[in-house]
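Peer 1: Two chains, two separate frames, one set of hints: put the complex together.
Residues per chain are reported as follows:
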Amino acid sequence: MSERFKYREDREVYSAARVRALEALLIKKGIITDRTVDTVLEFFETKMGPFNGAKIVARAWVDPAFKERLVADTPKAIAELDLPDGMAGAEGEHMRAVANAPGLHNLIICTLCSCYPWPVLGLPPYWYKDPTFRSRAAREPRAVLAEFGLPISKDVEVKVWDSSAQIRWFVVPERPAGTEGLSETELEALVTPEAMMGVAVAKAA
Amino acid sequence: MLTQFEHFAVTEMMGKPDSPPRANGTLCFGSDWERTSFGIALALAKEGYFEWDDFRDELIASIRAWEDDHPSDYSSWNYYEQFLTALESAVVKTNLLTTSELREIFDLGNQASQ
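Chains A and B, in that order, are what the protein sequence lines are.
Quick note: the first sequence uses our numbering, first residue 1153, plus one each step.
Quick note: the second sequence uses our numbering, first residue 821, plus one each step.
These aren't lab readings, by the way, just hints derived from the structure by calculation.
Every residue gets a Cβ at the ideal spot worked out from N, C-alpha and C, and that includes glycine.
Possibly wrong hints are sitting among the right ones.
PhoX-like cross-link-like pairs, simulated, lysine-lysine; straight-line CA separation at most 20 Å [unchecked claim]: (1) A/K1219 / A/K1355; (2) B/K866 / A/K1181; (3) B/K836 / A/K1281; (4) B/K913 / B/K866; (5) B/K866 / A/K1199; (6) B/K836 / A/K1180; (7) A/K1219 / A/K1311; (8) B/K913 / A/K1181; (9) A/K1180 / A/K1199.
Here are a few chain B residues that sit away from chain A, every Cβ distance over 10 Å (derived from the structure) [said to hold, decoys possible]: (10) Y869; (11) D877; (12) I880; (13) K913.
Next up, chain B with everything else stripped away, as it sits in the complex (with noise of 0.2 Å):
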């Protein structure tokens, strides 16, 4: 059965600890640069830079982590927090990013919220 990566991938997700939010039946942004940090995730498993599972493992590993940290306020939660996290990295593991070139980015983040 022909089945388009996109419907595969977040498919996948359903039910799992890494199911995405979604709203009336669609992916839910809180802002662009969710929908920014989805999108590119999706775009480099698509194009086969990495599996789609071993960044859902990044993804769960990232969501468990933040859980343990906060084991009763959840109020600052933000699953694309974790997203951008586990995406970062990714791009490293696999060598598309190097983690220096990851350290600038850092800083821009840093420097932007300052």
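For reference, chain A alone in the conformation it holds in the complex (with noise of 0.2 Å):
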């Protein structure tokens, strides 16, 4: 084992010491402010993530006419909301909603990872991206949906979407049974982002 590699009981005290020596000397040196990190991370923590698509997917379980919109004007539909700017433009141009319904289940899949509607769902897990999990998903959808720990009944339709740089699909859940009495907002920590890709379904906490 090389020294560069060498074990160290202490790897995260000289880790963070070593980054905070190197922002301090940058900032010194005026190539960045003691904002930057902040501001550049802002862009993942509060503008594009699954806390949007969340937004969306509780206002739809709240107001069945938006939901009808969403679903025939995806883009549109988004741009009525108080959502960061590009969420309907940009790369969420193309983005279409498919809703689930009492016999009837969504789930999406992507060829390209740079095709996943990632302004409302964040970044794609690993397994996404799996050759295997794609092929799989689009011969044997239920089967594949089974291992998720989601079996779908055989009365239940299955739909497989295939985003493209052309279009980029996501799924508005079903509301969870016994959510009645709660807010929008509590709503949309029910939404997950495996909900709104398919491979799970919304349930109350």
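Peer 2: Dropping the structure here:
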């Protein structure tokens, strides 16, 4: 084992001190400021991520007319909400929502990760890009969903949507039973990225 | 199509050997130094101090070197340790810091962890 990778008990402390020193030097030289890191990461933490999709779905749950508009013209409906710029435009401009219903379950897959509806769902999980997942999900979606712990009964139709550079799909899961008394904000917390991919359903907390 | 640099940078990494850890649709940082390392690299590339792809080449090389050194035991793996190594290499290669400044950084790290 080389010196470079020698095991250190104190790796956390060592790495933390190096990053602190590196950041301080770059600030001292005027290359970055003490706000730079927060500013660049705000994009992921507050602007583009699964919390946007959760807002869209929660609104669809409380407002059936919005849900209809969302499925009919997704970017236009999203633009009604107070979400960050670029949600309905830029990467989101070809976004299409498909709604689960009694008797219908939707699943999204994508051939290229760059086609993932990132502004709404956040970052794709590791297995999503796996060619085996993609090809099996297209060929035998019920078997794959069962492996995800989501057996779909025979009388429910399963539709698979393949995202592409042209259209990025996301799923509006069904509102879970027993959530009638929850506020829109409380409902947002029940919407997971997996539910918006169709590999899970939304559950009451 | 207008794409934010942050979006471009991270989606480029998806499904590649340098894919960052993530959970529930978001980037996943185990501690503050990991978050800061990521933010510095992204900010420097965004400002044009180096190409994101060049930084990623460093990162992939660093990950590969670690894997070659740990053929069977991945228990000590930490993505952001390789990320930090790649970042240090990138700032020296692009002359943002000198090698002696980098040595100072290592010294401070060693002092802190003694």
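Peer 1: Work down the list of hints and note, for each, if the structure agrees.
Peer 2: Results for each hint:
no.: 1; hint: A/K1219 / A/K1355; verdict: holds (19 Å)
no.: 2; hint: B/K866 / A/K1181; verdict: holds (18 Å)
no.: 3; hint: B/K836 / A/K1281; verdict: holds (9 Å)
no.: 4; hint: B/K913 / B/K866; verdict: holds (17 Å)
no.: 5; hint: B/K866 / A/K1199; verdict: holds (17 Å)
no.: 6; hint: B/K836 / A/K1180; verdict: violated (34 Å)
no.: 7; hint: A/K1219 / A/K1311; verdict: holds (19 Å)
no.: 8; hint: B/K913 / A/K1181; verdict: holds (16 Å)
no.: 9; hint: A/K1180 / A/K1199; verdict: violated (29 Å)
no.: 10; hint: Y869; verdict: violated (7 Å)
no.: 11; hint: D877; verdict: holds (18 Å)
no.: 12; hint: I880; verdict: holds (16 Å)
no.: 13; hint: K913; verdict: holds (14 Å)
Hints 6, 9, 10 from the earlier list are contradicted by this structure; the remaining hints agree with it.
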